Structure formats: C-alpha cells, structure tokens
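Undergrad: Protein chains in written order, with the numbering used here: chain P, 1 to 378; chain Z, 1001 to 1271; chain R, 2001 to 2836.
All clues given are correct.
Label-pair restraints from in silico Cβ distances:
1) Z:Ala-1008 / R:Lys-2612: 58 to 66 Å
2) R:Glu-2671 / Z:Met-1219: 52 to 60 Å
3) Z:Ala-1183 / R:Lys-2591: 36 to 44 Å
4) R:Arg-2087 / Z:Arg-1043: 53 to 61 Å
5) R:Ser-2408 / Z:Asp-1184: 40 to 48 Å
6) R:Lys-2591 / Z:Arg-1043: 53 to 61 Å
Since the hints were derived computationally from the structure, they do not count as laboratory data. In this text the structure is predicted, and so the values were computed from the model without any measurement. Each residue gets a CB set at the ideal place from its N, CA and C atoms; glycine is no exception.
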Amino acid sequence: MTLVEGVKKSFETKGMRLLLLLVTLGVVATFLRMFKGLGGMTNLTDDYPWGLWVAVDVFSGVALAAGGFAITAAVYIFNMKKYRPIARPAILTAFIGYSIVVIGLAIDIGKPFSAWHPIVMWNHRSVMFEVVWCITLYTTVLLFEFAPSFLERVKWDGALKVVKIIHYPLVIAGIVLSFLHQSSLGGFYLIAPAKLSHLWWTPNVPYMFYLSAIAAGLAMVTFEGIVSTRGLKREPETDIMIGLGRGTRIALLVYLVAKFADMTYRGNWQLLFAWDKASIFWSAEMLIGVILPILLLSVKSIKESENGLLTTSILVLFGVVFNRFNMTFFTQSTGVEGFYFPSIWEMFVTLGLLAAIVMLYRLAVMHLPVFHEGPLNR
Amino acid sequence: MTTTAQIAQKGVLVDLTRCIGCRGCQVACKSWNERSVKKTINRGEYTNPQKLNSDTYTRIEFLEGAFGQAPAWHFIKDQCMHCKDPACASACPVGAFKKLPNGPVTYDFDKCIGCRYCMIACPFQVPKYEWEKRIFPWVRKCTFCSDRIAENLIPACIKVCPTKTMFYGDRDAVVAEAQKRLADNPGKYVNHIYGKEEAGGTSWMYISSVPFEQLGFNMKIPAKNLPDNTWAMLREIPVKVVGFVTVLSLIAIFRNRGNGHNAESKHKEEN
Amino acid sequence: MTNHFIDFKNADVILVMGSNPASNHPVSMKWILKAMEERGAKLIVVDPRFTQTAAKANVYAPMRSGTDIPFLGGMIKYILDNNLYFREYVVKYTNASVLVNPDFKGPGELNGLFSGYDEKTRKYDKKTWSFQMDENGIPKKDPTLKDPHCVYQLLKKHYSRYTIDKVSSITGTPKEKLEEVYKLYASTGKPNRVGTELYAMGWTQHTIGTQNIRTMTIIQLLLGNMGMAGGGINALRGESNVQGSTDQGLLFNTLTGYLATPSGSLVDLKSYIEKYTPKTKEPKSVNWWSNRAKYITSYLKAIYGGRATKDNDFGYAWLPKLDEGMNASWLNLFDQMLKGKFEGFFAWGQNPACSSANSNKTRQALAKLKWMVNVNLFDNETGSFWKGPGMNPKDVQTEVFLLPCASSVEKEGSLANSGRWVQWRYKAIDPIGQSKPDADIANELYYRVKTLYQKEGGKFPAPILNLTWNYGQKDALGKIHEVNVHNVAKEINGYYLEDVYDKTATPPKLLGKKGELCATFVHLQADGTTSCGNWIYCQSYTQKEGKIINMMARRGKGDPTGLGLYPEWSWAWPVNRRIIYNRASVDPDGKPWDPKRAVIKWDAVKEDPVSKKPGMWVGDVPDGPAPPMATEKGKLPFIMMTNGVGGLFGPGLADGPFPEHYEALECPLEENMLSKQRINPTIKLFGDKADAFFSCDMRYPFVATTYRVSEHWQTGVMTRHEPWLLEMQPQMFVEMSEELAKEKSIQNGEKVMVKSGRGELWAIAIVTSRFKPFKIGGSTVHQVGLPWHFGWQYPVDGSGGDSANLLTPTVGDANTMIPESKAFMVNVVKVAGGRT
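Extracted from the complex, chain P is given alone in its bound form (with noise of 0.2 Å):
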C-alpha cells in the first residue's frame, strides 16, 4: 500500500472520521474569521486582546510540547538509552504541536498576510520578536528532528544520511531554543508587573515557565505515550512510563521549590492570603496541577500503574494549562469590569486545531516508522 493509499484507509474508522469533521469545522471557522475580521467572530475586546487562542494555542500549545526538548536531551545528550523508543514519538508530538501553534498564531494575529514581518522587521527589545524566531527555528529543528520517520518510509536515503550528520547540532539547538522561548513565554508577562498579580508575577517568571514546561512535556509524552499504546494495541511500555513519572515528578519538586522560593524572598505570601479571585485560582493550579501530583507519585501503587500514571499527568497537564490561562486573562481582568468567555467560532478553531494534532498524530504512527518497530499495517 502505498502512503497516500494508507493514508486513505485510516479514515475509514469512526473516530478518525469524527477528528477530521472536527478539523473541517476548525478551517470553516478560519474562513470565517478571514472574512468576517477577529472582530465578526471571537468575543475579544479591547479589554481581552488575548483569548482561548493565545492562551491555549500558542501558551498551553508550546509548553505541552516540551517533551520534545526533554526527551531528546535525556537520549541524546544524557544517553539515557531506555528511553530511546519515545524519542520519535516525542519529536512527533512537538513537531505536530508547534506546527498546529504557528497556525493558530497566524489565525490570531489581525493581519495574518504580514505574519513575516518579524523576519525583516527586527525590534531587539521585544520579548515577542524574540519567541517568534525561536519558535520558527525551533519547528525548523523539530521538522529535521523528525525527518527520518518521514524520510525511511519514502526512502529518500540520500536525504537521510544528510539529516543523520546534523543530528547532534540539532538537538542542541533544539535545547536551547526550547530554553529560550519556553521561559521567554513567561517573559511576555515581564512588561506588565502592575496589572498581573504578583502571585505569578515575579522577575524570574521565565524560570517558572521553563521549569514547568518540563514537567508539561514529561507529562505530554506520559499520556500520549500511554494513550497511543492503548489505542493502538500496543505493548505497554511501563518501564518507560514509570521513568517518566519519577521525571516528572523531579521536575513538579524543583518547580514547587524555585516557586516557593520566590514567594518566600519576594514576600508574596500575604496576597495568598487575600482570597480573592486571583489567589482561589493560584491555590487551585498550584494543588491540583503541582502539589497532589508530587503527593501521588510518592505512593508505590500509583507511580507504578499505568492508569496511576496517566492520571497524574493529566492533573500536571490541567495545571499547567491553567497556569497559562490564569497569567493570560488575570493580566487582562485587573481593573477591568465583564469577563470574556469565547465564542463559538473561537472554540470550532481550538477544537479543530486540537483535533488535527490527534489525526495527525495517528496518521504519522500508523504510517511512518514512529514506533521503532514498524508500521502497522491495518
């Protein structure tokens, strides 16, 4: 069979069928937002510049996709062998994942045909300018990174023996771009230390991004990992899953710590204490998502379970994604009256960007060499 025969087959499940209505809906919705302006279709307004896109696609999108980063550098650069058999799947999931995040930040910006710009126009003193280089190189490295499951399968051997040479340079130019734009999200708060509570905000909120990032990205690849295998009637790789969740867990630790850390030199605790919106809503991210995780990879049964497992990195997964919405819109709301809620249209785009991260996600193993080994053939 060929590619695009195989391709062709896979829609032929319900599931597969249901992603791709959901993705259709996702590019009628674009249509829309193209002719009808940001202003026809989402609930922004002058008081919420940023919505569901920013907050999940590109914030939550690229700290999901750390896994990329952390695998490659626990292979590659530590040499931790045993977890060699997700390197792929994890440079999978970040490709997929930074590829969906540039288009919904093309979606999101006003003027998508000058997204460009930032190639020629250059503003050194600008966070953004900063992350969107970053996340252009990096999809760049990540799309070389994964260019041997692609290449294998077509054969283009003598393309892969030039991917194969660079390989190394280009993990660690993927490492330190993850670095750079996974902490300088954080630093798109950094501008704003009156309007977000200093509850998130702290100069060091790039270090919190990174840290968290990482225990984002451990958790992405655990569920993915997990999921997949499921889904696909896979071997369990438990080994593999129960490193993951002891790094992970290292990962959640150094984050609470650095956190604290800062809280405690900073002086902050007393806005905790305040209980208004904002601190409900830290206290919440920071127990759900960091604390109750820690507590519940400390036990035996639930570290070394796979359904342990996959809970836990949801709750990390949920943290951080609501760490990235409450920095989002608490910079928004603060001295500002109503609240945003997104729209219809917004959500068909994010479901629909989502859903394409599922159905390719599922293309890409089920037709490329992902999973080391091979291809099933249904």
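Please build the complex by placing chains Z and R on the supplied structure of chain P, with the hints as guidance.
TA: Chains Z and R in isolation, oriented as in the chain P frame:
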C-alpha cells in the same frame, strides 16, 4: 536602558482643577484624526464612550461622589501617556510603535502584524484595536498630534480647550510648571505629579486637587521603565546560549563516549 | 449684558445663579477661572443641582427651583441690615432717596399684592406706584434716606419679611449656606471690591422671571456694582445670535433697536412718539429715550426710503400694528393656532414641536394649519409633526414645505454675542445642495409676494410694495438673485440722506455728507434726513473720512486699559461702549471708585477732539459724553432711565415695583410661605384642558426643572445629527437624587417614565449625589432635572427619546411671557419590565 534622545521632548501638564468637562477636546481629537463613533447608550452618567476605543483617542471621564461632605464632580481627561520609555514600543515585535525624539509615541500600521501584545503591555490600558476591520485592522491611540507638532502647531485637544487645562511645552518646563503650581498654591493640589515617575516617567502628566486613587488613576504602576523588566531577561540570552551550548556539548561528549561516531561538534547555531 | 464676557476676569466675586456657564458657555469659564487665579476671585454657584460650574466653585448653595427671589431678597435684607451697601453710590446714583406716593402699599400690608390690583382683569392700576413730585415736576428726594416714604425705607420694609429662617424654609438652602453666600457677595459693597452676576434661562423662564433679574439689579445697585469693571448684570444668552435677533426686533413687541411695535390705537407717528418718548424735569437726567422720534423716523426712512415723506407720516401707516392689548407672544400664538386661527405658519430656524412649552399642545396645534413652511438645516419634529407619536397622518390636512437653509458657516454675516459685541463672520464653504442662506430665502419670498401683490392687488399691498429692498444687485426686472449682506448691514447702520448739520452749534457744524454712512446715532434726525435700520447698530458699518469701514470685522488686539475691553476688536453696541452705565463707575467728580479698575476717568486737561476744549473721558466710551456729574454740565449716569438714576423702585413692570416671591404655577406647596398670594397675580392663565396644571398634587409630587448639556444645542436638531456629539450624549435622561431613587427603587441607568399634567416621556435615570432633597417648610421635597435636547424624529429608531417640553406648563412670565420651563411638577416611575 534609555530609548531615543531625551532632549527637546515635549510634555503636557493636565491640571485637573481647570477642566470643566466641556469635552471640546474629545471632539477636536475626533475631528483632527477623522475618527468615527460607536453606538452608545446613556448608562446613567455623562461619560461616553465608556472607555477609549479605536474611534476615541481621548475622552473625559465624569466622576462624582460625595468626597467628604460637599458633593463633587471631577472631570478627568484620558489619553495615551506617551511614556518616555514606552512598554508598547518595547513589546512590539516589529517596532510598529516608536517614541519620537520630540515626544509622541507613534504607530506605523504598515509594520503591524496585529498580535496585540502592545495592548497587554501598556500599563495604562491605552491601545485599542479595530476589531471590526477585516483586512486592515489598526491599533489606535492618541498620536500626541505628532503631525501637528511637527509643524510647530499644538495638539488639537490643547488648542481647543477653553480653560487652558493643558500646559504644553518641553517636558522639563512642564515638570517645572507643575512643581511651581504645587508650591504656589499650598493646600490646593495633592503633592504628587502623576506621570513624573510612573512607568519611568511619561510625557503627559497630571496634577489634581483630589488624591489620584480617588479619581481612578492606577497607583500601582512602578516608578521605573517597564521595558527594563523584559530587557533584564533578554540581554542575558547571548550568555545563556553560549553557556547552554557549551554545557550540553560537554555533557553529550562525556555521556556518549564509547558510542562510536557521534556528531557532537560544538555548533553554535544562530538564534 | 451690561458688561461682557472678558470682563468677568475683573471681578472679585462671581455669582452664578440661574445659569451654568461651564456647561453652556464654556469659553466664558476661561475668564472666570482667570479671575479666580489671578485676583483670587471667589465663585459662588447657587443652583438646585451641583453643576459643572459648581464643580469649580468656592461656594455652592443648593436652592429649590423657583425660589430665587426669596434667596436674593434675603440678601437684600442682609445688605441693608448690616449696612453693607455703597452709600454714596446709592444716594447719588439710584432712586433710593426718591419719595413714593404715600398711597403705595406693598405685599406686607396687602397680603401678597401691591396697591391697585384688579382681580377681574388680573392687572395693576399703577397710579399709586408713582413718585411724589415737587412744584417743578421733579421727583422729591430725601438724601438722608430716613423718610418713611422714600424708596430706601420702602425697600427695607418690603424685604424685612425675608428673614433668614423664612428664606431657608422656602428655598431649602441651609441657613449657614445662605449666610456664607450673603456675606461673601455683600463684601463687594466696598468701592474697591466688585461683584458680577451671571444668569440665563434659570432666571428668565419663570412666571416671575423678570422680577428675578430685577432683584439682582437692586442688589447690584445697592452694592455699587453697576457700571464697574467686573460688575454689572450679565445675561448669558442661550443661543449664539439671540442677542442679535432681539436687537433686530424679531420679537413681536419690538421693531429694531427695542423700539416698541405700535398698536392700532396709535394712529399716527405723532401719537406713537408721544406715547413712547419719556419726559422728565430732572435737570441732570439725560433721558436718552427722549430721542425716540429720531430713531423711529430714521427706521421708517430706512425701510421705505424715498417713499416715506413728511407728508405720509414717513410711511408710519404701513407699519404692521398690534391690536390694542394684543400679545402675540409664543404661548398665545400656539394657543390661537390650536383654536384654528392660523392658516399658515413659518417655522423659521426653530423646532416648536420640541422647544415649545407644552409640546403636545403645540404638536396638536400644528395639525390645525393649512400649510407650514419649515426652514431648517434638517427635517425635524416640527416638519414631520404629522407622522409623530400619537398622530394619524390620514387625519392631518397640513401641507408642509421644507426649505433647506444654510448653516452659519455657509454664509457671511454678523453675530451679536451676549456682551453686545457684534462680530463679523465669513463664509467657510458654500451651502450644500439647494440650501440657501435665510436672507436669500426671505429675498425670494419677498419677490414672489411682491409680484403677487402687483399682479393681483390685495387688501393692503403698500407695506410690501413700498419697501426699499436694496440688498443686492438687481437684474433687469429688479430682482435680486443673491443677497449681499453688506448692503443689509449698511442699511442697518444708516445713511445721511442729505447733508446733516448740528444746528445747535454756531456756525452749524456738518455732521455728515449726503450719501455717506452714519457715524453715530447721535447724528440721527427726526426730520427724515437720516435713515437707520437699527439705531443701536448705528456706527457698526460706517464711514470715516470717506473710507467705508465694517467696524464689526475689526480684529485689533489693543487693550489700553488692561481691563479686557479690546475696543478695536469688532464693535459693540451702543457706539462701541463696552461697559454700559460706566459713568456710575466714577464719583461725581469723575474719579473712578476703584482706580485699579478704572473703566473711565475724567481727564480735565486733555483736549476733547470733538469740542476742541480741555476735559474729556479716557478709557471706555463714556456712557454719555457729558462731563462729571458734579460739574455744571454734568449728568446722571443712568442715561436710559427717565430720571437718570438706577431704579431700586421700578414701576415699569406688570407685577410690581419691588420683586416679590410667588411660587411657580405648579409648586409642591399649598401656600406661599410669605403671603396669601400663591402665584404671580398678573400672569395669564390658559384655561383649556390642554393647559391643565397641578399644584401640590400627590400625582405629581416632584419639582422638575430643565437645563442643557454642552454636547447638544437647543432641541438638538443640529446636534443629534452630528455623530460625535450624539455619541457623547445619546439619550434623554433625568437626573435625580440618590434618596429619591432609593425611594422609588430606581437603578442608575434604568429607563423611567417622567409624567406631568400635560404629557409624559421616557428618560434614562441618572442617580446622582448632585441633587439632594430639599427641606421645605419642614417637609422633604425632591427635585429632578431634565435636558430638552431630544426629539422622536432623530435618531430614527427613537433611541434618543423626546423633548422635556412635553412636560412643561402653558404659562409665562408676567412681563415677557417667556414660558415657565424651569419649575413645574412631575412624577417619576419605573417602566414596567425595566430597561428596554
């Protein structure tokens, strides 16, 4: 870090004790900048529109309340503060916002990509977006009539004000005027020039007879340049890149020795 | 105004009562703030509502609408009790010392009435309101002010009833506030302190409106503030050229220059002149109205030109006359219109369907017309009355014509501001579409009417056919296609029709050459040798040494006195005098009472360029060039008053020589707390169902008043069409106190219904701390306020609301008939279902 030149920067002192709320400034601005209107309703006050928006670069807020025993009615002019080191100019990835040497913070639509980070960055909630425009949505805000002051005219709002609420001149002279008014009229003004230090200093400054927090001014804005916060992180990047690449390479070499051929050259990638 | 806008900067105390300059004359605040900043002047605002002006004031005193006379009466009492009046000024320049007819009785003795009241006719026989004359026919005086019949003592007696407790109880102003205001304002009784008063419709639009102003005039005379820089009595007119419109005689009861419209019983010019030329034997009184004959004759010569000759009484017979006792003022007009007495109606630059008190009655009245011509920039509630709310177009037989006219920026001409400065303005753009300036529309009308008269004859063609009408270039048929306003201005100024001489001089001095423009109204003649369309505008467009000068277009910025007179900027009537009665600003020797603010002063050495003799006034144009009063040829300063002095006792008004408090037609009280006479005894009461009024009625328990906002203009015909303005003030609103809102469970921003005995409308509630309930006679009285800028016709979705005049009563001031839109009673209720 300082931006463009500090010399001959223009400034404006808004003396809130002089404003009578006639809103000539609000209309003159719309006239000069050829702005339109948004549909409004009476929400139980004179203030309209409720906030600055893509058609309203300046507006008067009517604030009343029984401050103390006697009733009171205050009229507060709201517009871009034209910060000395603007957060919007540092935030914009393509440099669409610029602080001109003579004061105005201007916007270049041709560069803008519509990311709206400027709206997040501004501590005064000034930039507004043309959400309803499909193809060419602008970010809109007071221009300090940069086209007028380039021709040695004064901004439209200042020209039309009947009670000389705004004092226009070089920023240093404006600060001096504010200090003079405070000193010459003990008890008339609260002892604060809003905008002198806030956000590192703005071109538009205010003096008032009533505490600023009662008038809805944001008192939480730190007295330092906001872009410094971001720059503190960005300027460390070259060092971090070099450091990271070095460390990662060393670890990779160390951990992978005995692996055979490994491409571990210390490539410094452009980033 | 007796003074002018810029003059406010010269005041020590500025009393704003009956007006709101910050909202409605914002540029005037520039001068008020200047006074406050540069000379430490104090601003007092007395108003039922804490306004934008009050926000800048040093003292704010709340006061129930319609109680200005008690408020000010209490101030008069305070001034007299504490001897704070400027004695020399009062004795020498007012009629304080004049003895009044001993049969004169006041409200204190007659339970609220003055002597001579006829209950049936609701009029006063003013016989007892006269002065005692000596054998020479000169009013008797007591300069010691002790005679019980002297004006001063009568004044004191009259206002002794206005005790501070009573005043506080009537006005709702706390006693301490009253005292604070009185003390501060009365401090201007000193010669070197001056106070000014700014009023507008808040004073005029009452049944006792004229008397409101009279009360302040009395105060200003007592304190010696008339004629002074920074003083005077200053009306802030409600429209940019309404001063011009009254100057040019657009009201029914005046020709130009405030010459009275003749009634039919004045059969010839001689009778007219006889009736309207006051006579006095007071030796030092100038009595300027004694020149009346010159002005009426010159006016007739202006409009009828060569056809007006001595033989035909200068065309006096062609002037339209009023029936005896006829009052063709606004309220009467629409009352008659409703009764079907009018076939046609020109609504020229107005919107009666919204501006008229009792708008419902007016709208119904319009339906009785056969035809209407609506001359306006936009279609409005008047032109479209037939499709308004409650109207069935099928039942309306009125044919409506809309003649689009040009706005003020589309034509050239003059505007007279409140300070009597007649400033010339230029055309900025051409009128759009087919719209024409009003003058050109009038011109077209004139020719068509004239042609019809010429072709078909008619009852009385002469008044039209004999008009000169030299307002532009004429074609072969004598028709003007484009009016040249300069011609109009020149005709208003007037010409010397022959060589005119001053025959009192020897040898006779040439005043003006034939064909040249008049230099001053002093040169006008009663023998037909001069023409002048409007005597007070004589000199506005004149000729000096052969050169024609449009004085109104001058823009000289010199200010030699430093008082802001700017004598070379434009031109003020009369004869460019900037401060009227300025000879009261100097003592009888010609020395300014306040040398630091010298409006004029007598320079005994300087040579007078006219008389070529030493001794002349320097500064403003003196109010009467006569030398100081103490000199042999000196004159009293109040030259327009028959007896040359300011009138504390003013017998000329219909409702009393002293202002007396009467409640508004609709008021919250059953009785007037001062006397048994609740309402003004001389006001006309309209008795139809549409005119129903309700006083002290549970159905309409709240006092209402109307006012304006900066963003809208009059009934909003122009401003509602301007999106930038409508955005700022999009909807009709009613301001009410937080206490009243709580009582009625009304939320801020909620739509409510406001109802009166004549109509109702919805309004958005603005719940504010700037209105507070009043304590009147021990009970709580609430007051609300509404703007009157909205109309159902635009915005077309009706979202703007309608006019507040749907609520106002059909009743007017006893002297001017200006409707009482500032004090009436309403109810405010929630709209079922809340905000729509």
